[in-house]
Amino acid sequence: MGAGGWAHAGEGTAAKRSETWEPVGTRVNFVSTSAGWDHPRTSFYTDHYELTMLQASLHSGAAHRRSVFEAFARRLPDGRRYGIVAGTGRLLEGIADFRFGEAELDFLGRTGVVNQDTLDYLANYRFSGDIWGYPEGEAYFPNSPILIVESTFAEACMLETYLLSVLNHDSAIASAASRMITAAGNRPCIEMGSRRTHEESAVAAARAAVIAGFDSTSNLEAGFRYGIKTVGTAAHSFTLLHDTERDAFEAQIASLGPGTSLLVDTYDVEAAVRAAVELAGPKLGASGWTPATSWPRPSGSGASWTTSAT
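Heads up: the sequence shown begins at 222 in the working numbering, then just goes up one per residue.
Read the hints as simulated data drawn from the structure, not as lab findings. Every residue gets a Cβ at the ideal spot worked out from N, C-alpha and C, and that includes glycine. No false leads were slipped in.
Label pairs and their computed distance ranges (CB to CB):
no., residue 1, residue 2, range
1, Asp-486, Asp-327, 52 to 62 Å
2, His-280, Arg-320, 16 to 26 Å
3, Gly-478, Glu-271, 51 to 61 Å
4, Ser-386, Asp-486, 28 to 38 Å
5, Arg-347, Val-494, 56 to 66 Å
6, Glu-471, Thr-418, 26 to 36 Å
7, Arg-331, Phe-445, 34 to 44 Å
8, His-280, Ser-386, 23 to 33 Å
Sequences are here, hints too, so could you generate the full structure?
Next up, the structure:
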């Protein structure tokens, strides 16, 4: 997202919003989670000071004043003219699980993070405010109010860290993915970065890349959780396992069919390509690019399915 910000306006200040904006989710078919995945509790995806601010505001009596918070990007990375919004759908689902159960309350009390009055408030915490913002996949620019949270100070302040964490990460991935989609033209792009990041970040990154227009991912958890099409080839270890590269190709084709995608850069790329075509024929790689119908394509992404081999 670039350098992100979280601006707060107290009751009666900067509370007017453009009539052209729509509540998040009314216009966006975001990539939601599947029924088979239980969303974790998100209330501890926050900072210590959010809860100590809550305690102090409860003590002063100001906690329940109506407030408006805005999440925005102060600037974009050098060379970037725009960013792409992603993460809003994850946030909406996560806020529904932003609650404090017995284990969380016990930890906060045992470690002295907050007092008993604050624990009593947290025990019944449910966000009841309004959230407005840009649809996922839409472009944003410096100082764009990407997300607006309207609620009491007590309800909204605790969401700050969680919101910025998700928006910063997912929008950064989507923004980079959008530039790749533009450069690729009509050629499909596949997200395969799981091994280069945290395991949960990898799932979120796959989702954000698809929102920006990527066709698929190698991450199975993203496929399970969000219904994203998953694809893959083989690792170099599979080729090295066999006595020759040709033996490896023959084994893979025999097991997975001629439509499989063969890895050709273990040794000599040109020789491997020739061997792959000789063994599999014109159907090589075809099965990996059948259009998926089980997950929602983001509208206006500009991406299309093509038949290709990697």
